[in-house]
Amino acid sequence: MPAYRPPSIPAGEITPESIFLNRRHFLAGAAGLLALGVSSRSLARPLQSTESPFSTDEKLTPESDVTAYNNFYEFGLGKGDPKARSGKFKPTPWAVKVDGLVSKPREFGLEELLSFPLEERIYRMRCVEAWSMVIPWTGFPLAALLDTVEPLGSARYVAFETVVRPEEMPGQSGFFQPLDWPYVEGLRLDEARHPLTILALGLYGKTLPNQNGAPVRLVVPWKYGFKGIKSIVRITLTEKQPPATWNITAPNEYGFYANVNPEVDHPRWSQASETRIGEGGFFGANRRPTLPFNGYEQEVSGIYAGMDLKANF
Amino acid sequence: MAQLQAALPQGLRRASVWALYAVGLVPAAWGFWLGATGRLPGNPVKEFEHLLGLWALRFLIATLAVTPLRDLFGINALRYRRALGLLAFWYVLMHFTAYMVLDQYLNFAAIVEDIARRPFITIGMAGFAMLILLALTSNRWSIRKLGRRWGKLHQLVYVIAAAGALHYAMSVKVVGPQQWFYIACIALLLAWRPLRPMFMRRKRAGAAGQHVTPDRF
Ligand code: HEM
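If you're matching them up, the sequences are chains A and W in order. For the first sequence, counting from 1, position 129 maps to 129 in this note's numbering; every step adds exactly one. For the second sequence, counting from 1, position 203 maps to 203 in this note's numbering; every step adds exactly one.
These are calculated hints, taken from the structure and not from any lab test. No residue lacks a Cβ here, since even glycine has one placed at the ideal position from N, Cα and C.
Facing chain A, according to a computed beta carbon distance under 10 Å, are these residues of chain W, among others:
hint, residue
1, 38
2, 40
3, 41
4, 43
5, 44
6, 45
7, 46
8, 107
9, 113
10, 176
11, 177
Pairs of lysine-lysine residues, derived as BS3-like cross-links and limited to a Cα-Cα distance of at most 25 Å, are as follows:
hint, chain 1, residue 1, chain 2, residue 2
12, W, 173, A, 79
13, A, 206, A, 88
14, W, 173, A, 310
Every beta carbon over 12 Å from chain A, so not counted as near; a handful from chain W, in silico:
hint, residue
15, 18
16, 58
17, 76
18, 129
19, 194
20, 198
Pulled out of the complex, with its shape left as it was, chain W reads as follows:
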């Protein structure tokens, strides 16, 4: 895969990140267009709100998947990780805005009560607050300024993903196959963190071993 990267000229690589932003925002634009033109069935506002929440979760999962994909399969998507994380942020922001504007019609008393009294919304809000912090520090300047603390801060993405999964599971009447699927994805990705050092040590040892006895085979 190192070759593949080298094969992409610098300009194209940057363009591919912008393309990801553009493609990533298509579901939101599509959903909004369907809703605005009366094409979403049943309860269009809820449909749109749910669509945004689900895509937020998907982008969180994609963000967390970058490291294990490289460790396990040698696929390097590191270049896209910031874009994926920021897309998750934009989707949560739109999810929250849809909830406030289209669903609650800016009834602030009801919104504050929801956030304070409904555990699943409190948890979603906590996730959103943390996501804002990460979005604000997702730039070179912050990375330089914060130094080592930047890495520590951005480990919050694991907490956010867990909060997102919990929020989702708690928002439905029955935790069904679809919820279990997302919970399982996030649980596996979270579990990878403590398992990773051990795996990497073995992998390095294995690689080293191969170097020592190259002509065994």
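Chain A extracted, bound-state conformation:
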């Protein structure tokens, strides 16, 4: 199989409208089944969105991989656990509390989040474990949400928090607990307001599956995947740098910034290259070079001007 080929497909052709439409019909049927009580699983519903100039035209990672190969320790340590063990999770109803250094703290219900103008953003996703995907998210810029609560001048950082529901998230219950809950993350305010930073409510044109962080998650495409905190219940603006789960768990391995950087290795593996999930197969050369800021250098390097990116990894 050929290795890396420069992308040549125009963004608009990647996900033909007809596929989304067909899926919509299928989903209508599926929703009917749910109403009959055939399945207790939350079912995806289609989302309308517009295209974005920020989308890449690289080949999409198959939906079957995007929704089956996940790190979401709230559901278990294995890559297949989030899909296999998230059936009990209830992403609706949902509310996100936005508070801290803002003039208008308040809660956003899920319907309200869905009423922001939604865009499709096809982003590269680089996991800190040296694998990557190309994922069509549906969401809106986090800046739009922050604008509505009017951050105070003293706000410098944004803290995020994942839901804690041991009865629905098997990784949060039992004898062995891999991390301290809730999972928390943080961004500098300028990172949070960057136009590339989005709150995602869907992927592949429909609402997020549980295993991908339903119903709302963060996507920061120039940072390692663990910064993209899932199933968010709280967003707090702060003056001091907030704690971030992996950073406080193993500070020598995971930095607060966690910008994708091929020159700063993880102590246990090189970050110079990555495996694109769903490509290369078993015998193909499946490693490709990792790009600084995951290929978003032009868009974001400005906000780090003058900063030592090796010390602040």
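Given the coordinates of chain A, work out where chain W with the ligand should sit on it, guided by the hints.
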């Protein structure tokens, strides 16, 4: 169990060792077939690499378990110990080959850097180097040639098992229940070595005592 052994004719006993080799290699063949036909999910190369590493560890554990099984439960699997050890060797060799060929695509600069700079890979490599020594001397000729030194040399299997467990624990982001299980197995088996002489002395004394007073009961 002595009776059981006697019950197996010589030819069958030898065949059972070959059967162990055949059965032991099934997971590798199965994993390879799944990978080659596109049936391994997510990151097929890593899946295969992990499968081989885990089976290497399992065969190391089985090799170390032979002696305590006989001491404690009277199960004699001594006949299979060489095969189990060699299976562990073959699995590490395949694990290493999968890493070099399928994962790193023979990028030797990256491989050398990994071995030199990543402690968990350095430790795995040290384990592999020792395992090669043991595999090369796992034959009658070497046993005869090396005499007493053969036994000393093959005590390295304890170091290899410890290296394997450490390598495994260090390779993951979070040491979870599965890693603890393997670490615990290997720790118990290693602990058996210093405990064994004491246990055997007691057992012999106990057995002797029973012989002296056979009609007490
Ligand atoms: C005594 C010898 C060895 C044993 C018992 C062993 C066993 C293992 C096990 C059990 C794993 C983890 C599998 C999992 O996560 O499910 C592993 C991972 C790994 N081993 Fe080994 N291994 C050995 C030697 C080596 C050698 C010589 C190399 C290469 C030079 C190597 C390279 C790796 C790599 C790169 C990983 C991690 C793959 C990843 O998750 O990125 N190992 N090994």
